[in-house]
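Residue numbers (the working numbering), protein chains in the order written: chain L, 1 to 108; chain S, 1001 to 1458.
The hints are simulated quantities; they were obtained by calculation from the structure and are not laboratory data.
For clarity, every value in this text was computed on a predicted model and none was experimentally measured.
C-beta: ideal position from N, C-alpha, C; glycine also.
Some clues are possibly wrong.
[Stated by the list, open to error] Pairwise CB distance ranges (calculated):
1) L:Gly84 - S:Arg1058: 29 to 35 Å
2) L:Val5 - S:Arg1317: 30 to 36 Å
3) L:Leu98 - S:Glu1406: 33 to 39 Å
4) S:His1402 - L:Arg39: 52 to 58 Å
5) L:Arg3 - S:Asn1369: 19 to 25 Å
6) L:Glu45 - S:Leu1026: 30 to 36 Å
7) L:Arg35 - S:Arg1317: 41 to 47 Å
8) S:Val1367 - L:Pro54: 41 to 47 Å
[To be verified] Computed far set for chain L versus chain S, every beta-carbon distance over 10 Å:
9) Met1
10) Trp32
11) Arg34
12) Ala40
13) Pro54
14) Lys71
15) Glu85
16) Val105
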Amino acid sequence: MIRLVDVATVIRSKNAGPYELTLDVIFKDSTWFRRARDRAWINEELIARLYGVPRSDVFAVIPFEPANAIKATIRRPRVSAAIGETDVYGAQQHAPLLSLEFDDVEQG
Amino acid sequence: MASNEMKILSPTAILGYGFPEESFALGLQRKPDVIAVDAGSSDPGPYYLGAGVSFTDRSAVMRDLTIILKAARDLDIPVLVGSAGGSGASPHLAWTLDIVKEVCVSIGYHAKVAAIDADVPRSTALDALSKGTLTGVIPEQETVEKAIAESTYIVGQMGEEPLIAALDSGARVVVAGRCYDPAVFAALPILEGFDRGLALHLGKILECAAIAALPGSGSDCMMGTLAADYFVLEPTSPSRVCTITSVAAHTLYEKSDPYFLPGPGGHLDLTETRFEQLDARRVKVSGSRFVPSDGYRIKLEGARKVGYRTVSIAGVRDPVFISRIDEILAGVRARVADNFSHVAADAYSLLFHVYGKNGVMGALEPVRNPAPHELGIVIEAVAQTQDLANTICSFTRSTALHFGYEGRVSTAGNLAFPYSPSDFKGGEVYEFSLYHLLEVADPTSLFPIRTFVVGDAR
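Chain L extracted, bound-state conformation:
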């Protein structure tokens, strides 16, 4: 098993405007980035399941090669600072990503 925390240097969340939450994973190097991208480790279904949101609320999962990064953006269940909302900046919503593991055996 490959643990995401062992192959990524940055795992973070942040508002992308008050209505969206964006999750960034920046990999250690281009080798790990390409492996994660090519095997679709991080995909819409995974994000929906991890955060317990409908698949339609995951707007996009986008690899960004210059930063060795994969970005996922979801609809905030509550708008930033709406009554009952818990994280105005959206900066502490990354934790579910920290426990991700991938059963990914290096092939031939």
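Please build the complex by placing chain S on the supplied structure of chain L, with the hints as guidance.
The following block gives chain S in isolation, referenced to the frame of chain L:
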């Protein structure tokens, strides 16, 4: 083009967040052509826009502006401040201008200042709504008319055009209301004929100053050097470097799609962007393009008051209480509702934030059965009046303190309060009411410019 290179100094990520004077001095030695700084963000939430107050501190902003304006005076270069006062509505702009005037008098800087308003009159927004030129960024916004009517302030994010007009009029200090963040960095380069896409992409990185460096910092300086077909980033402090990853990673920051970055009048296309490491400290960027849209759209932000807040903070250490937390809080909630059955149910909201369970992530929390040895509880009441919020919070707190539950052994009290008084008035509560696009015929028409001279000794 006046010269083949332009240097833009960004002292800090947000005006008032500070910067080391040594770093700033090193930046000045490189002879920047302009100092630009972003003062705003919607991140701190709707309160600051709605209430018309800054999320930054006056003394801290005064400190930053004193150093910046002295440098601008000595080097005879322009200064641009965007999204003044954090949210960039009229009270925020006035607050910042007041500080600028005070600084200019105290340092003896006789300067022509341009102030650019970003307030959008309700009538303009309503008119656009009826003409179909106002559209929601997030589709399911109902009752936009009501939202417009209830918003205390509505601002539009100006592009670089009003800032260019201000510079063209001879202003040396430009203080703008709400801006598209990169605009203050891109205005002078675009005026001087540099490429719009490169200037705006550079601005996108400079608006957070040294956050794009390694180690990153929101309170240290970054220098951007723009040429005809590339730009170079370098932190001014020798203790930081720019790497391809630090710069490229910043391109991701707070954006939903790093290849497609929409802004006023079009979008930045980064699909052909190249990042190159020039040496240990500098990164070169090329290939970024600006693609104009059909029609020029300005993003509007609005906030409206939804009530008043009172909170009480307490801890719990009893294992039986912790194991029954959900049913106990449901019981407390029912007791409050029953006791205030004469108060309309929609006159208040009662919330429990349970830290140690799901206080941080709420509905997004995947951990279902935590086993904490202690919990923190924030009791929150939001009501139509401060008095009612106080009443609901106070009654909830006392009910929870002495609430009887099955298996209770600690019969003297359920909650540990760190403070006396235990309840805190949070005052007015606001929510975002508008996040819309307004189509305009002229990029400058919404943003009137006033110019005046400051710093007269008398």
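Violations among the numbered hints: Those not satisfied are hints 6, 8, 14 and 15.
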